[in-house]
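K.L.:
Given the sequences, and given the hints that come with them, work out the whole structure.
There are 2 protein chains.
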Amino acid sequence: MATIRHTSRMTEVPQPPHKRRAHTSTRDLERYAGLFAERTTVMRSSAMRDLMAVTARPEVISLAGGLPDTSTFPPESLAAQMSKIAAESAAAALQYGPTEGFDETKDCIVEVMAAEGMLPDPDDIVVTTGGQQAIDLVTKTLVDPGDVVICEAPTYPGAVPVFCSYQADVRQVEMDGDGMRIDLLEALLAELKAEGRRPKFIYTVPSFQNPGGVTLSLERRARLVELARRHEILVVEDNPYGMLRYEGEALPPLYQLDGGDFVIYLGTFSKILSPGIRLGWVVAPPPVLEKVVLGKGATDLCTSTLTQFFVRQYFAEGGWKRYVEDLVDLYRGRRDTMLAALAEHFPAEATWTEPEGGLFIWATLPEYIDTGDLLAKALRSDVAFVPGQAAYVDGRGKNSMRLNFSGVDDEEIREGIGRIGRVIREQVELYEALAPWSSSGAPGREAEGVPADAGREAEDVPVEDVAGNVVPLRKEANG
Amino acid sequence: MATIRHTSRMTEVPQPPHKRRAHTSTRDLERYAGLFAERTTVMRSSAMRDLMAVTARPEVISLAGGLPDTSTFPPESLAAQMSKIAAESAAAALQYGPTEGFDETKDCIVEVMAAEGMLPDPDDIVVTTGGQQAIDLVTKTLVDPGDVVICEAPTYPGAVPVFCSYQADVRQVEMDGDGMRIDLLEALLAELKAEGRRPKFIYTVPSFQNPGGVTLSLERRARLVELARRHEILVVEDNPYGMLRYEGEALPPLYQLDGGDFVIYLGTFSKILSPGIRLGWVVAPPPVLEKVVLGKGATDLCTSTLTQFFVRQYFAEGGWKRYVEDLVDLYRGRRDTMLAALAEHFPAEATWTEPEGGLFIWATLPEYIDTGDLLAKALRSDVAFVPGQAAYVDGRGKNSMRLNFSGVDDEEIREGIGRIGRVIREQVELYEALAPWSSSGAPGREAEGVPADAGREAEDVPVEDVAGNVVPLRKEANG
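Going down the list, the sequences are from chains Z and E. The first sequence begins at 1 in the numbering used here and counts up one residue at a time. The second sequence begins at 1 in the numbering used here and counts up one residue at a time.
Keep in mind that a hint or two might mislead.
Said to hold, decoys possible - Between beta-carbon pairs, the in silico distance windows are:
id, chain 1, residue 1, chain 2, residue 2, range
1, E, GLU38, Z, ASP183, 58 to 68 Å
2, Z, PRO252, E, GLY318, 52 to 62 Å
3, Z, PRO286, E, ARG396, 31 to 41 Å
4, E, SER381, Z, GLU249, 53 to 63 Å
5, E, GLU38, Z, PRO286, 18 to 28 Å
6, E, GLU38, Z, GLU59, 41 to 51 Å
7, E, GLY395, Z, PRO286, 24 to 34 Å
8, E, ASP176, Z, ALA33, 28 to 38 Å
9, E, LEU330, Z, ARG197, 57 to 67 Å
10, E, GLY319, Z, GLY177, 53 to 63 Å
11, Z, ALA194, E, GLY34, 16 to 26 Å
These aren't lab readings, by the way, just hints derived from the structure by calculation. Just so you know, even glycine gets a beta-carbon here, dropped at the ideal spot from N, CA and C.
P.N.:
Here it is in structure tokens:
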């Protein structure tokens, strides 16, 4: 925890001395271990969360987060909205609110969804503490231990810990440039049916997928919705990035195609306004929504009134779409910068996606490179990314990485990709030098073994920082 | 949902027309029913939450909530803190934060706990989305379906939905004027031991208990901590009201007596600053805290950065204790007003607690009065309270009620208690008139049957409002 503490400071200030109690012994660990719930044995952390601590060091260029650039939001707008709230409704803004959220917040949500062609009934909406809680509450409502949840391969790294915490049996369906492969999904559904198992839902990020960067084609959207209706399976459409399109034509959300019978829709203000206000939402059919609201009440009573008032006030100003357009222009440039830098600095063996929107590029390296190991090296060069394994439940993705281009400026993107390119090239050269002596000629075997060990300079790596806080999948395997 | 929607408005404004999709049919309900998780069959709502919708009508005097009086917070202070945040750190305030919370927030928490005599290690703290999430995350960490959780009888009505959502086997231990009866707790522990069952934790609100209004004596605190150590059972100490003491001497929190080995401490800024900012915390031994942080990451990634910055800024001003002192003076007066009103308006057969602090009085009526039925009548007189059953998992508490004295002013307290007193007296008179014709002379039988039916004027009650939204325990029994 020491490292996390160090980097959790808002500002650099001297720490007050605290009297600390004696540290936990092995005896203590055993004592508590018997009390933990079964789910804790499979619970894991999100890679981005773990990386956040490390990447908060100012010298680190982090391409790991999914951070929007909040420095573009006008501070005078924040001050103005809050002054109005203080003057007109301070007492209400500081008070509890309804569990399902304020109607004014729902009006803003309807406005956002309308901008993407949807017309939800406000009564079908519940306001959540960010988009993450939206995923959590839907899973809480639908999933018993052992239940099947289907998602993309790779999937949103932040969804993996949710599905694990509810002990779901997660099945991941490969994607290609047009998103989730519906033919493979159909085969999986048939297979599950033969086993007598009905999946609880299909979780998908159809637009500018996190982490894949690809978008589900119109034809596949129609097929997915049709499949859901035929099999009576719920689809959970997570759409945080839909409005961040940098080229090409907008595609209808699954919710719009389905009309809201089998598609549960998840949205958030995080990427079009601010993640620090923790405001997201769920749109679901009434029987499902009722359970989601029950879950919400038990979980945190209600979403922050103060931040809901802020959104209402900000939307009343009428400039929210203009702000999103500015973000689109900014991020488009950063995407292009990253694509150019990848072409310049990554080896010929690497491939990557070219997203039409969103925040992420997914890069795939030669099979013998383990991006978990690579991250340890990259951090020594003060640059970070999310290792691909974080986006899988089964250990796949070892030679892939997620790269974010929204959170840092063009210069940092170029420098960051340059640094990652250098550590990759070192790995490639090392592999090429060592490959002839490898015990096996099979690339698969080599990928698992030789280069990772060969490339590790064990003695001079600060293990506490790197193994403890940086390579989350390994850390989490041990609790 | 219609009623909730109506009363979830921040302000009275005309509604924009929305195209609504066709309403859910019975067929649809069946369709989704097969997809719900097992836990949803036992999940229930918190009575206060359901009542919130109804009591938002301005003509209703609500003694039902647990609302602090946020109108006492100076609006100019809210404006000033937010202007500083906007000027100095808008981008950071709108960005994601660390899952465990900012160190500066933890410094404020340490200050609050120090004011009650505790010295926690900041590394043992995780900042949560309100005190409710603190209960949820601890339960998530420790409880498997069927596990025993021990709490007071009655217990915090908001904890009941949490324990139910994790399918806990909740055992409630009676209280008297000195709080939880430790002799009964010991007997229960012995009984459980004989069955080979180890409770996962003992949940308690030792100071100014919600809803009981009683405080655990010093001698019992020592015994409870000693019991926890001897049996190696965790105690979850929920202390939202500790600083709101109106008379008598402060008692040491269990956390202080134990030193933090077996006591997990839950706190919140809701009652000393604002519930609308949704900021609470957990202090736990490192092995437990690690799991709580994992759960937190999966649940909502992190607590609102904006509201954490607000607390930091507010605490930096240095006036937070003075504000709490003002609250103490205000609430002491309101408590006295309510006690006087109860003596004036409640029948001789009624009893109630006389709390030394906190927000609640617990009143017990003659056995034949069902406070669920009484609430329906009370609402027709535009006054609300929480029926006692909400504080039990097993249907007890039928003739009790929780009354809040912090959220409304003296005049409303007098008027509200007067109105409740009138509907009680009507019930008493009706009972006395009908009792001779009752089919059984046993008071217990009568309490279950006659007066509740006899007192009901079924035809002119607006069933949608009252049965559907007001009497939560009945509503929840059906979903």
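K.L.:
All hints are to be evaluated individually against the structure, with a verdict given for each.
P.N.:
Here is how each hint holds up against the structure:
no. : hint                            : in the structure
1   : E:GLU38 - Z:ASP183: 58 to 68 Å  : violated (33 Å)
2   : Z:PRO252 - E:GLY318: 52 to 62 Å : holds (54 Å)
3   : Z:PRO286 - E:ARG396: 31 to 41 Å : holds (32 Å)
4   : E:SER381 - Z:GLU249: 53 to 63 Å : holds (60 Å)
5   : E:GLU38 - Z:PRO286: 18 to 28 Å  : holds (21 Å)
6   : E:GLU38 - Z:GLU59: 41 to 51 Å   : holds (49 Å)
7   : E:GLY395 - Z:PRO286: 24 to 34 Å : holds (28 Å)
8   : E:ASP176 - Z:ALA33: 28 to 38 Å  : holds (36 Å)
9   : E:LEU330 - Z:ARG197: 57 to 67 Å : holds (58 Å)
10  : E:GLY319 - Z:GLY177: 53 to 63 Å : holds (59 Å)
11  : Z:ALA194 - E:GLY34: 16 to 26 Å  : holds (19 Å)
Checked against the numbered hints above, the structure breaks only hint 1 and satisfies the rest.
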